[in-house]
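Protein sequence lines, in the order shown, are assigned to chains A and B.
Position one of the first sequence corresponds to residue 1 (this note's numbering), numbered consecutively onward.
Position one of the second sequence corresponds to residue 1001 (this note's numbering), numbered consecutively onward.
Please note that a few of the clues may not be correct.
[To be verified] Which chain A residues face chain B? A few, computed with CB under 8 Å, are given here:
(1) Leu82
(2) Val83
(3) Met118
(4) Val166
(5) Trp181
(6) Leu184
(7) Ser188
(8) Pro201
(9) Phe203
[Stated by the list, open to error] Taking lysine-lysine pairs in the DSS-like style, the calculated list, with each CA pair at most 25 Å apart, reads:
(10) Lys1007(B) - Lys158(A)
(11) Lys85(A) - Lys1008(B)
(12) Lys85(A) - Lys1007(B)
(13) Lys87(A) - Lys7(A)
(14) Lys87(A) - Lys175(A)
(15) Lys85(A) - Lys1002(B)
(16) Lys85(A) - Lys7(A)
(17) Lys158(A) - Lys7(A)
(18) Lys1007(B) - Lys155(A)
(19) Lys158(A) - Lys85(A)
(20) Lys155(A) - Lys1002(B)
(21) Lys1061(B) - Lys1007(B)
(22) Lys1134(B) - Lys1119(B)
(23) Lys87(A) - Lys1119(B)
(24) Lys158(A) - Lys1006(B)
(25) Lys87(A) - Lys158(A)
(26) Lys158(A) - Lys1008(B)
(27) Lys1061(B) - Lys1134(B)
(28) Lys7(A) - Lys1007(B)
(29) Lys7(A) - Lys1006(B)
(30) Lys1134(B) - Lys1144(B)
(31) Lys85(A) - Lys1119(B)
(32) Lys85(A) - Lys155(A)
(33) Lys1073(B) - Lys1119(B)
(34) Lys7(A) - Lys1144(B)
(35) Lys1006(B) - Lys87(A)
(36) Lys7(A) - Lys20(A)
(37) Lys7(A) - Lys1002(B)
(38) Lys1006(B) - Lys155(A)
(39) Lys1144(B) - Lys155(A)
(40) Lys20(A) - Lys87(A)
For the record, the hints were derived by calculation from the structure and aren't laboratory data.
Every residue, glycine too, gets a C-beta built ideally from N, C-alpha and C.
Spelled out, the chains give:
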Amino acid sequence: MWMWFAKLGSPRWFYEISTKWLPWLASAMCILMIVGIVWALLFLPPDYQQSFTTRILVIHVAVAGTSLAFFPLMAVAGTITLVWKMKLADMVAKHAAPLGAWFSFVTLATGSLWGSVMWGTWWEWTDARLVSMLFQFFLLLSVVALRSAIEDPDKSAKACALLSIVGCINVVIIKYSVEWWNVLHQPSSPLSTSNGSANGPEFWMATGVMILAVYLFFIVSLTLATRNEILQRERRSQWVQEIVRTS
Amino acid sequence: MKIHRKKKLGVILFVAAGLSATVGLTLFALGQNMNMFYTPSQVAMGEVETGRRFRIGGMVKEGSFISESDSLKVRFETTDFVHAVPIEYEGILPDLFREGQGIVAEGSVDSRGVFSASKVLAKHDENYMSQEVKAALDAADALKSNNSLQSISER
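All chains, full assembly: derive it from the sequences and hints.
Okay, structure coming up:
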């Protein structure tokens, strides 16, 4: 098992395996993304009380759900960096932070649009769900800032790893804010496959496709960014120079 | 695992646990302050001092909505099905506003015990249903209640 773990940490191994997997992941992402967006924005039936604004829901839920994955991912990568000093973990963490900030921003933007129509307000400072999501956006920006603030790459990696572990607590708060406190934001919808109940298949299937598409988008973009980082950091090694020569 | 790695992992876990406990206790201590609104029952129990601005959240009571024909003034009651608080508001209501809908209103209670609101927001639940399904369900419900009425009259 430890052999496998050590192999996983090798940038070269990751580069080669991702070369094989990327085309498949990227094409699956494209298909799901097109199906999801067309379905959500053109074919989703109107909701009985919110009419066509539930079309925002499909995108908002998918992006918001994915944005919660960034801090746990960065915390795991950070722990590996701190304990095992694996180079690859830090490369992933470095590029996860700005991507996560974008995901949080899109969550806030789509949520605001939806809220302005349905709730009658763009933003409420007293809503724990909204504010904790904004906090995640700022935390991710601060991880990005911290990375560039410390010049020594080893030290900045360690500092970012610590901040990522701390940021995980906020993910729990975002997730449960709608259950612990009275807020304007609605709680998460229960999954239901029966046609008669609320959240029938017409809503959650479109949302499911979109969630898969957005998760794949997250994995593909992070992999692409990590591959660039590998080439840059390992530019003096022989295998990278060989790739550059042959391409 | 090597001993120095085990030690490091232990320190990280300890720091994470300590921080979680700190944040958890802080949120627990904040308690009511983390809530966006008070419920009508809390207001009726006198948990909010008079004159203070706060938010109240509940359902718009069925049959309580009155609007003036020559202005934007409206009056309705908000309820949590235990207590009801009358609300007065002048302005534009959100599209979702109707009787039976959840709302959050911001304002204060005056000496008459009426909540005069400066802002009314609509709160919706986490259930989404297409208009067709809703119509079919409503029709089935109507049929069921008709049948039960018939069976009562036949008896």
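Q) What are the numbers of the hints that this structure violates, sorted from low to high? A) Structure breaks hints 8, 14, 21, 22, 23, 31, 34 and 39.
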